[in-house]
Each structure stands twice: as structure tokens, then as C-alpha cells.
Amino acid sequence: MVGKVKVQPVSRVGLEPLVAMAEQLRASLPGWGDTAPVAARGQTPSDLAVDLGHLAHHDGDGFLVASIGDEVVGFAASFVRSRQLTVTQPWLLPEYQDQEVADTLVRRAIAYGDRSGATECAAHILHDAPWQATFFRFGLRPRMSFYRLMLTSEQARTTGRELAKLLPGSELSRDALNRRAGAADLERLDRLARGMVRPMDHEYWLGERGLHLAKVRDGQRIAAYAYGGASECGPVAAATGEAALAGLGWALQLAAEGATADVQVLVPSTFETALENLLDAGARCLATTTWMTRNPGATLERYVLSSVTLP
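Taking this note's numbering, the leading residue of the sequence shown gets 30, the next gets one more, and so forth.
I should point out that these hints are in silico values taken from the structure, not numbers from a laboratory.
Please read all numbers here as calculations on a predicted model, not as lab measurements.
A few of these clues could be false.
[Claimed, not checked] Per label pair, the in silico range of CB-to-CB distance:
(1) Glu124 with Met229: 31 to 41 Å
(2) Asp204 with Gln249: 14 to 24 Å
(3) Arg250 with Asp127: 50 to 60 Å
(4) Ser174 with Gln37: 31 to 41 Å
(5) Glu191 with Arg170: 28 to 38 Å
(6) Gln37 with Arg220: 25 to 35 Å
(7) Glu124 with Gln249: 51 to 61 Å
(8) Thr269 with Arg144: 29 to 39 Å
(9) Gln37 with Ser199: 38 to 48 Å
(10) Asp214 with Thr317: 29 to 39 Å
Note that CB positions come from ideal geometry on N, CA and C, so glycine has one too.
The task is simple: from the sequences and hints, build the whole structure.
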């Protein structure tokens, strides 16, 4: 490598080429080829595009771009929620994926977390043992895998209908969403399932992403929430295993409604009953990713991810 690595926060006007880089690099990974961007007029932005835009807006100081001379060679987006730093998959051009650039990006991301008062650090790695080794050198350890499963819309609808029968639930009306009804329940369930709260992400899922929200009851208490939209399943968070399965059922049904493509579901390996039900329903396992943390924390056995960038 020639030249000194410079790392600085992203500029909003410079986001588009970074998104294009990440989209191309992700599509080159085994099990992610179906995510290749399509150059078509009016094409819906990818999950990477909208998620990275959200992080650039709310967590700009943690969205770090690496350059050598005048050339941008990669970036890493990170965010802090409830004193937890999450570093999403770093993206580097293949010719610059050496230890120095990777270490510099990760070191700066962790330093951002330290300045923000984070006491825990996690990373979501989509591929490559070298990236796992990089985070290992900074004190993180592999804790679990996430499975990338794909179902047809009919499989999602049928499986979702059966799982939703486990406990009573209902989709929230647009009026209830506008009034932010039940926001305290979302916070409580996030604390139980994820060990953190993330109100700005809920606003994003309901607003910019336009997802639908359902809640599951266990007696008089809200036991799970579930998001879904056309072909989009999750996130789901729950207080009990049964409620988590029922919430997954609602998310699958919401994803199947108006689906224009197969439904992706990102499930932690610790949520074993969900994996069993989905695989029995005919889901295809396309890829696995790795969740690394500094300390053993939330086991995520009652959780379904929203996306690779906002786990």
C-alpha cells in the first residue's frame, strides 16, 4: 500500500458513491448475489442505501470514510445506542483490504464509541475471516451466527399465519402510530431482547421505511412487537419465546402482503425454534454472518433482525 490512510466522518453529499461501493461489494459475496443493484429508472433504493442514509443523518460522527490521497478506499458505519457501540460490516475496495487500512478504520470506530460513552462494543461481519481476525485483535469475540433465510411470499404468508396463532395480536392503525401509542412497550421489549433502546430507529422504520407494526399480547401485557413491509421481515423483539414466534408470524404476514420478491429473514442462531419452523416451511439458507462482542451480552434468542446494517 502506498500513502497514508486518512479517516474522517462522512459528508452527506458524498454518500451516494459509498452506497454504490457497498452494494457492489456485498453482491460479490457468496449468498448475496441476489442483492446486486439493478440500474432501472424508478428502482426502489436498497436496504443498504436507506439504512446508511439513516446512520449518516443520526450517527454521522461514527460513519467513517477511509481515503489514501484523493481516493476513497472504504468506510465503516457505526452507531451508539444505550452505551453500546455497534460497528457494521466495513467495506473496503479489494486492492486495499490489508491489515493497516482495516485496523485504522476499526480503531477509529472504537475510539468514536469511547468518546460517546459506550461501555460495550459489537460488530456484525458479513464475510471474510480476515475481518473477524481484525475485530478479534481489538478484543471482540464471536458469539453467534445470523442466518440469512429466503422464503417465497406464499411460504411466508402460510408460515406466518400459523405462528401468529400462538398468541393474540393485531396490527396498529395509522392513527395509533401517529400518536406513538405504546412507545413505552417498544422500549421495554428492546431492553429485554437487545439490552438497549433505539427510539430514532423505530421512527425510521415507521417513517422513512414505511413499515407496518403489529403487537402480540400475553394476557394483558404486550409481549412482542413485529415490523414488516412488502418483502421486508423484521425487526421482531419479544419478552418470551412463544411471543417471539408469534411476532415472527406477524412480521412474515406483513412482509408477504404486497411482496414483489421473496421474503428475507435474518435470524440469530440462538433463536432455534424460529430457524426450525422456517426451515421446515421450506426456507432456503443463503448465507451466515457473524456477531462479535467484547463481553457476553444479550443472547438474542427472542429477536429477528431488521437488516444487516441495523441489526
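Next item on the list: Output the numbers, in ascending order, of every earlier hint that fails for this structure.
Entry: none
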